[in-house]
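From first to last, the protein sequence lines are chains A and B.
Everything in the first sequence is counted per full-length UniProt numbering, starting at 1 for the first residue and increasing by one.
Everything in the second sequence is counted per full-length UniProt numbering, starting at 1 for the first residue and increasing by one.
Wrong hints could be hidden among the right ones.
Calculated cross-link-like contacts (lysine-lysine; reagent style PhoX-like; alpha-carbon spacing at most 25 Å) [claimed, not checked]:
id : chain 1 : residue 1 : chain 2 : residue 2
1  : B       : LYS622    : B       : LYS713
2  : A       : LYS275    : B       : LYS31
3  : A       : LYS118    : B       : LYS477
4  : A       : LYS183    : B       : LYS622
Just so you know, the hints here were simulated from the structure itself, not pulled from any lab data.
Keep in mind the model is a prediction, meaning the values are calculated, not measured.
The primary structure of each chain is shown beneath.
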Amino acid sequence: MREKLQQIKEEALLKLKECQNSQMLDELRVKYLGKKGELTTILRGMGQLSPEERPTVGKIANEVREEIEAAIEETLKQIKQREKNLRLSMETIDVTMPGRANRIGGLHPLTKALDEIKEIFIGMGFSIAEGPEVELDYYNFEALNIPKNHPARDEQDTFYINQNVVLRTQTSPVQIRVMENKKPPIRIIAPGRVYRSDTADATHSPIFHQVEGLVVDKGITMASLKGTLDAFAKRMFGEKTRTKFRPHHFPFTEPSAEVDVSCFVCGGTGCRVCKGSGWIEILGCGMVHPDVLRAGGIDPEVYSGFAFGLGLERIVMIKYGIDDIRLFYENDVRFLKQF
Amino acid sequence: MKVPFNWLLEYVDLDKDINEVAEKLTLTGSKVEEVIEKGKEIDKVVTGKIIKTEKHPNADKLTVCQVDVKDEVIQIVTGADNIKEGDIIPVALHGSTLPGGVKIKKGKLRGVESNGMLCSEAELGLADEDSVHGIMILDENTPIGVDIKEILGLNGGVIDFEITSNRADCFSVYGIARETAASFGCELKKLDLTFNENSENIEDFLKVEVKTPLCRRYMAKMIKNIKVGPSPEWMQAKLQEAGVRPINNVVDITNYVMLELGQPMHAFDYENIEGKKIVVKMAEDERFTTLDGVERQLDSSMITINDAQKTIAIAGVMGGQNSEVTEETNTIILECASFDGVTTRLTSKRLGLRTEASSRFEKDLDPNLVETALKRACHLFETLKVGEVVGGVIDCYEQKLEPHYVKVSPKWVNDFLGTDIVVQDMVTMLQRLDMEVEVKDELIIKVPTFRQDVKIKEDVAEEIARLYGYDVIPTQKIVGEAVEAEMTKEQKLIEAVKRTMVSSGLYETLTYSFFSPKVFDKINLSYDSELRNVVTISNPLGEDFSVMRTTLIPSMLEVMQRNILRDNKEVGLFDIGKVYLNVGKELPDERYKLCVAIAGDVDFFNLKGIVENLINVLSVDKAEFERETENSIFHPGRCAKLLVRKRYAGVLGEVHPDVLENYDLETRVYIAEIDLATLFEAAKMEKKYKPLPKYPAVLRDIALLVKDEVEVKKIEDIMLKQGKGIIEEIKLFDVYKGKQIPEGFKSVAYSIIYRAEDRTLTDEEINKVHNAIVKELEERLEAKLR
Ligand SMILES: [Zn+2]
């Protein structure tokens with residue numbers, strides 16, 4: 001019987017090597033270890049043995065069983081690993097194929113730039129004010145120190161609704177409206193659309209956007225104007241940005257200035273964008289004229305303030321190298337998708 | 001305004017490069033548009049004398065010249081026909097360079113050797129191509145063999161300034177020289193205003209009467225024995241560099257003084273002044289021919305200069321042909337006057353005639369400049385030997401403009417600027433600007449009459465700031481109490497709308513705020529629609545841009561059309577913009593609208609999904625969709641209105657095929673337009689937390705057969721009403737028509753999820769409710785269970 005057991009074991013281990021998959025392995029298990037399996041059959045014949053032999057043979061039989069089971073287990077493991085590997089290799093995909101997701105759209109480049117500007121000023125304690133685009137002549141001109149027949153009215157070709165009502169040519173009227181409604185301290189920006197009767201071409205648009213700023217309080221100085229706009233320029237165009245304040249003339253500020261920033265394309269060494277000068281003009285500003293403060297109901301002997309205005313399109317055009325302002329209002333999706 | 005650099009240097013001793021001067025003046029407030037260095041490019045061009053001309057043997061139109069350039073005589077072939085033997089001309093030698101980098105080399109012209117080129121003003125970059133004819137002929141006394149840049153003063157270059165409307169005093173070379181002197185702290189040289197007069201008196205030859213206060217001052221001098229001819233080379237060169245065309249010595253002198261001092265002048269031929277009388281008065285309606293030969297319509301808003309019989313000039317703008325200086329002129333009246341700025345500007349605008357003179361007068365010139373300029377002109381007439389100055393002067397000047405005073409405390413200036421400038425420095429800076437300063441507790445500043453822009457203490461602060469240097473003023477943070485910065489509810493909601501639209505796959509557009517009144521017909525808008533009540537622009541850029549928009553739909557359709565025609569087929573766009581509703585008040589009601597448009601592989605429900613997303617994000621209270629059949633912009637069977645708290649908030653649907661045709665669109669387009677204010681009023685900003693369910697849910701499916709026209713909303717309303725608060729959710733999962741469903745009916749299948757917050761529902765409880773729902777549906781909607 002011992003020989004028989006030994007034979008079964010060897011035979012089983014040999015056959016085990018031929019097993020290719022888990023199904024064959026199952027068949028093998030049934031054949032040797034199942035209820036009607038060969039090992040079981042032999043064990044049933046144990047009764048014919050002498051009582052002395054039984055324990056020894058029984059022990060051997062168990063060893064054989066355990067050995068076969070262990071071998072099957074081991075093979076099963078190997079087969080499963082192999083099968084898993086096979087599945088993994090069959091499931092290889094082309095990861096360079098496009099992904100699937102809900103499409104996400106995008107904001108208009110002007111909105112994006114404006115959001116950046118808003119964020120910077122909100123961080124400096126500014127609120128956002130708004131005013132009407134169809135505006136009284138009084139707010140757009142008179143209250144800003146631009147009486148009828150002032151030459152500045154010629155410089156800004158104005159759309160009129162009637163004698164007293166215009167499409168605002170600048171966001172500055174919001175200054176007066178804010179001062180009329182709020183006592184200092186005032187710290188606002190007022191972004192919005194403005195209108196000039198210019199026929200549209202690559203550099204002109206009858207509609208464009210400005211961002212107005214106004215600060216009024218006790219002790220506001222030209223140095224605070226410089227500090228605020230310099231901080232803005234550094235956050236908007238990069239920490240290394242330098243600013244240059246040049247004297248200029250606006251009817252509603254005194255003193256007035258135009259502000260250049262070191263070219264954010266070449267860094268100030270001179271390039272096509274800055275026409276070799278290293279500087280780019282981005283905004284106009286100044287200390288609020290006492291007449292304008294008075295028009296807003298604020299006493300210029302007690303308070304002072306500064307104001308500024310920048311053109312949004314211009315900044316975005318320079319930043320991205322867009323050479324035609326009309327693209328902003330054409331809304332070709334291939335343009336919009338780039339921002 | 002173009003200022004020739006060498007001309008500028010005649011009034012200030014300055015050893016600086018042109019670019020350095022331009023930079024400095026920019027920083028002190030005279031804005032430089034451009035530094036033009038024409039001469040820089042000219043090389044090896046010298047003066048030469050034509051000593052012999054011959055016809056070209058092979059070409060009729062060419063001439064062979066022998067030109068003496070001092071060191072040698074060279075042969076040059078030219079096509080010009082204005083030259084003769086003895087002329088002195090600019091010669092570009094072999095190997096020379098002209099403006100624009102043009103190189104001149106010797107060669108053969110139709111077989112004859114040519115060793116250079118004779119130059120015109122245009123070729124030297126001094127004038128436009130069309131304004132000159134032929135070679136530039138120089139004065140007969142010009143030395144030969146000399147660099148042309150020296151002769152024409154081209155070494156210096158030109159600075160082009162932008163003159164702001166408040167600085168009339170800078171509209172001249174001398175004015176810029178004053179700024180230069182103040183900026184660099186050097187001395188400004190005095191002008192030579194001396195001249196001799198004969199013993200006659202102008203008052204014996206002319207009377208002047210000023211009948212309008214808009215002419216603040218009128219001066220006249222008389223010059224006789226005039227020899228009209230070309231002005232000297234140096235004067236012509238300076239005029240040309242400054243952009244003024246030389247005409248003859250008389251006109252050139254008046255223009256020269258205008259450029260130098262900023263005071264325009266006019267010369268009348270005395271012979272043509274009838275009645276020995278000049279009258280300044282408002283014009284009558286008449287036709288008048290100006291110097292340029294154009295007949296113009298005058299009216300009573302304009303000032304004219306007249307003799308006893310007729311109009312002879314439009315004041316401050318242009319003289320008349322009838323009194324023009326000609327070659328025969330012997331005696332002239334030099335007019336030097338001060339006309340009202342606004343009147344001049346409006347006149348020039350109305351006539352469409354802006355001249356060097358009018359562009360200066362319109363800035364309101366100092367009446368005291370008149371006298372200086374007139375003296376300077378007389379000085380030039382005499383020294384250039386153009387004529388003899390008659391004694392006496394006519395000066396009508398009733399209200400003399402005196403210098404005014406401004407007081408300011410130095411402490412205030414420093415407090416205002418945020419600086420620490422010492423008093424003496426302030427005084428020095430103001431003195432450099434010709435202001436006299438008395439230092440007491442305050443500075444008492446006597447402002448010269450040419451600085452009418454300096455009226456208040458802030459103006460003085462600016463003068464000090466710009467000479468001190470804006471760049472030297474420190475940069476500081478805003479001091480004072482912190483201000484709370486927060487976005488308003490509307491601003492936050494608009495941001496949320498934008499985010500939702502972007503995450504719905506839409507791109508933001510920006511469109512014009514005005515459009516054509518014709519678009520209303522184009523979008524099929526009903527004739528009685530309120531949207532047709534527009535705000536109209538009185539001076540639009542054309543009908544297409546003539547009324548303020550009352551809806552965003554037309555511009556959105558245009559954008560869709562543009563994109564679809566350009567093959568951008570899958571388009572999803574949104575626009576948040578204002579409409580301007582005419583509400584009968586002075587100003588329109590400006591309201592923000594949201595417009596959404598989609599096209600491509602989409603239908604109505606994609607659009608509705610976007611709107612529903614928005615409603616969810618904003619937590620809009622009581623939002624409902626209702627069928628809309630009356631809106632003629634849309635497909636009558638595929639349009640809904642959005643109601644918020646029972647109020648109309650917007651519309652969404654498939655655009656009517658007629659409208660699509662009007663926009664040449666062949667694909668279906670879905671558009672929504674929503675009034676944001678109405679939406680925002682019902683937007684609940686703060687969210688409420690509800691505990692997660694503790695008890696199990698029970699799901700029951702139900703399939704119904706209903707008539708086609710039964711809207712699912714009706715079914716759902718009944719379910720919810722009968723649900724007695726134990727329905728958590730209703731999900732429509734199938735709508736089916738076709739096989740096994742009778743004509744005119746549809747099958748609708750729902751999952752109803754039952755759940756209670758406080759207990760586990762029993763089958764009995766659910767059955768009761770479920771059966772009630774079924775019963776109600778059968779009774780109210782004639783629904784049948786399937
Ligand atoms: Zn650059």
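Take the C-alpha atoms of LYS622(B) and LYS713(B), compute the straight-line distance between them, and say whether it is at most 25 Å.
-> holds (14 Å)
When you check the alpha-carbon spacing of LYS275(A) and LYS31(B), does it fall within 25 Å?
-> The hint holds at about 16 Å.
For the pair we were handed, LYS183(A) and LYS622(B), check the Cα-Cα distance against 25 Å.
-> violated (39 Å)
Is the hinted pair LYS118(A) and LYS477(B) satisfied, with a Cα-Cα distance of at most 25 Å?
-> Given that 25 Å is the threshold and the Cα spacing comes to 18 Å, the pair holds.
The structure fails to meet hint 4 from the earlier list, while all remaining hints are met.
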